[in-house]
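Participant: Protein chains in written order, with my numbering: chain A, 1 to 306; chain B, 307 to 612.
Hint data in this document are derived by calculation from the structure and do not stem from the laboratory.
Just so it is clear, the structure is predicted and the values come from calculations on it, not from any experiment.
Treat each hint with caution, since some may be false.
What the hints assert, rightly or not - Just a few of them, taken from the derived set where beta-carbon distance is under 8 Å, the chain A residues facing chain B:
1) GLY200
2) SER203
3) ARG272
4) ARG277
What the hints assert, rightly or not - Beta-carbon label-pair distances, calculated as ranges:
5) A:THR151 <-> B:LEU510: 36 to 44 Å
6) B:ILE453 <-> A:GLN167: 46 to 54 Å
7) B:GLN473 <-> A:GLN194: 46 to 54 Å
8) A:GLY56 <-> B:VAL460: 29 to 37 Å
9) A:LEU204 <-> B:VAL547: 28 to 36 Å
10) A:LYS305 <-> B:ALA475: 44 to 52 Å
11) B:ALA347 <-> A:ALA158: 28 to 36 Å
12) A:PRO89 <-> B:ALA597: 52 to 60 Å
Said to hold, decoys possible - Coverage of chain B stretches by chain A, computed from C-beta distances (three or more under 8 Å per stretch; other residues unrestricted):
13) 356 to 370
14) 441 to 447
15) 456 to 467
16) 471 to 484
17) 571 to 582
18) 593 to 605
From the three backbone atoms N, C-alpha and C, an ideal C-beta is built for every residue, glycine too.
As a plain string of letters, each chain reads:
Protein chains: 2
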Amino acid sequence: MWVWDRAPPVFLSAFNSGLLIETEGPPAGGFLHGDTLLTTAHIFDQAVALQQQSDGTFNGHTSAAYANMVGPFGGISAAQLLNAVLLHPQRLGEPVSVTINFAAALADGPFVIDAHPARTNRSTQHWVIDVQQNGEIVLTGTAFTAIRRETWSVDEDAMPPCPPPDQVALPPGQAPMEWVKQYEMRPIVGGMPQVWDGSGDGSLTQLWVRDQPPRPLDFASLAALSDVFFPRLFVRRATSVPVGTVSMTVYFHADAAQLQATGTGYLLAQARAQAFRNGYFDHTAQLWNEAGVLLATTHQLVYFKN
Amino acid sequence: MWVWDRAPPVFLSAFNSGLLIETEGPPAGGFLHGDTLLTTAHIFDQAVALQQQSDGTFNGHTSAAYANMVGPFGGISAAQLLNAVLLHPQRLGEPVSVTINFAAALADGPFVIDAHPARTNRSTQHWVIDVQQNGEIVLTGTAFTAIRRETWSVDEDAMPPCPPPDQVALPPGQAPMEWVKQYEMRPIVGGMPQVWDGSGDGSLTQLWVRDQPPRPLDFASLAALSDVFFPRLFVRRATSVPVGTVSMTVYFHADAAQLQATGTGYLLAQARAQAFRNGYFDHTAQLWNEAGVLLATTHQLVYFKN
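Build the full structure now, drawing on both the sequences and the hints.
Facilitator: Pasting the structure below:
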């Protein structure tokens, strides 16, 4: 989720002037990979940590590392919400679908997640979730978990031809929000406009992306990565206006084994809007791993001011 | 939603043998159009009718006219669920997004819908919805309504080139479920396989569709029409296996005025799967009116048995 309404002027002026901050590349020695990575210490794990209370709800806290212009990066909120399902003692199976609705911008501070199974079938489970701050609902959501069995399978959406990650340069500048620093993003096409002159003619973005520093992929981090796209409106119009995600859905095609096989590799993330109309636009997006397996498809509805 | 698990053998054998029932075309005199149509008497309006109770919940009843193989057509359930929001005295604005999760097959009979605003902002509102039968949740959902203002707008997904509705023949046969009779469907590509020989190689379907008899389009009927696609798995594999929609999301790009302008015209409905994997597949779909305005985009996650 990108919330831009009521953004501090420093952000808006940075975008409008094209004064993006300098990209911090990987450290000279490279990132730690695979088994050598201490995932428990990763900043993502700190951000999505929750404590279950005696009444079954979970306590969490917004993360300064994933701050957006206004409130937190929506991807981290989605990951926190999903993590309540993942940590729930009654959970059956793995996440297959999650929808999260951004009802209000979260304030910096603690929040309470109520995730409970609305219906439990033999091998599937439907969840209803909300996140509250000061007794008011800020996020709503639903999720579906299932015990998956091996079946006939095929990816109809093949990974588009793209240069490999090591042949795609880091961008010359990056947006000045904290959460952006937690991801290594290598835009292939449709990067953040460097000039805001209204010259856009399409909204397709393709980029290689992974956590920075790298972290083995799991359902929570894939939910967060599903929100890594900056607003399609910016690409389509090369114009920055206030925006904010209203609703996001993620369909997990991968199971835990396929996420584990992906490890700390890059994901090819692709997004494209379908319509911009009277204050709202959508996008449809796909995330493949480097081996070309379609891990997730995801959709958003996003508010824009004008 | 198509539910096929535990379908009566008559349906499965009809599909497996290719013995589809003969299509009922429009009556010789044609359908009534526009102002001459008594919408209050339309079978769709009867099916989505709800009565609000003193506790704020709504009573509804499944419709024999929209029966599917097992339980009701998911589109009519989506329309009923959305109608609770539309009829709610506290509603602010028009529907922009709705997600419905099919937690269990509805039994023929009455149900109770609880739709309540979880958060009301200045010009937007987030809804949490569930449908119960005998005290058990059968559907969950969320919706987002908003007062929309005119802004810069563009359809990035143009309507694909297609022959006009009057040049597309009705199919020689149609599936033997009641709800199918409530729609006039003119498949252009990717129609229901006539031979189940495993020969499919893609899941794209394009068809012209409208209510039968014609009925002026509104949000409830557009929600139902968003579920009109038969399972992508059937097209991709030319094989019929038990299937059932798990979750469906609709983004309404059109406002009430654009729906009214569409009237009783046909919609071009297009759907395509992105991945089939270990028991679940998705589809992404678009619905344009005859003037080429993208009215809605919609996505589904669907269970399949093997």
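Participant: Determine whether the Cβ-Cβ distance between GLY56 of chain A and VAL460 of chain B falls within the hinted range of 29 to 37 Å.
Facilitator: The hinted range 29 to 37 Å is violated for GLY56 of chain A and VAL460 of chain B, with Cβ atoms some 46 Å apart.
Participant: Cβ-Cβ distance between LEU204 of chain A and VAL547 of chain B: within 28 to 36 Å?
Facilitator: Holds: the Cβ-Cβ distance is about 34 Å, inside 28 to 36 Å.
Participant: For the region 441 to 447 of chain B, count the residues whose Cβ lies under 8 Å from any Cβ of chain A; is that count three or more?
Facilitator: Coverage by chain A holds here, the residue count being 5 at a Cβ distance below 8 Å.
Participant: With a cut-off of 8 Å between beta carbons, are at least three residues of the region 471 to 484 of chain B near chain A?
Facilitator: Violated: only 0 residues of the region 471 to 484 of chain B have a Cβ under 8 Å from chain A.
Participant: Just to make sure I understand the rule, a stretch counts as covered if three or more of its residues have a C-beta closer than 8 Å to a C-beta of the chain. Does the region 356 to 370 of chain B meet that for chain A?
Facilitator: violated (count 0)
Participant: For the region 571 to 582 of chain B, does the count of residues with a C-beta closer than 8 Å to a C-beta of chain A reach 3?
Facilitator: holds (count 5)
Participant: How does the coverage statement for the region 456 to 467 of chain B fare against chain A, requiring three or more residues with Cβ below 8 Å from a Cβ of that chain?
Facilitator: Since 8 is at least three, the answer is holds.
Participant: Check whether three or more residues of the region 593 to 605 of chain B sit with their beta carbon closer than 8 Å to a beta carbon of chain A.
Facilitator: holds (count 3)
Participant: Given ARG272 of chain A was flagged as interface, is its beta-carbon under 8 Å from a beta-carbon of chain B?
Facilitator: At about 7 Å, which falls below the 8 Å cut-off, the nearest Cβ of chain B leaves the hint on ARG272 of chain A intact, so it holds.
Participant: Can you tell me whether the CB distance of PRO89 of chain A to ALA597 of chain B sits inside 52 to 60 Å?
Facilitator: 53 Å, holds
Participant: With a cut-off of 8 Å, does the beta carbon of GLY200 of chain A approach a beta carbon of chain B closely enough for the hint to hold?
Facilitator: 10 Å, violated
Participant: Given a hint of 46 to 54 Å, does the C-beta separation of GLN473 of chain B and GLN194 of chain A actually sit inside it?
Facilitator: 47 Å, holds
Hints 1, 5, 8, 11, 13, 16, counting from the list given before, are not met by this structure.
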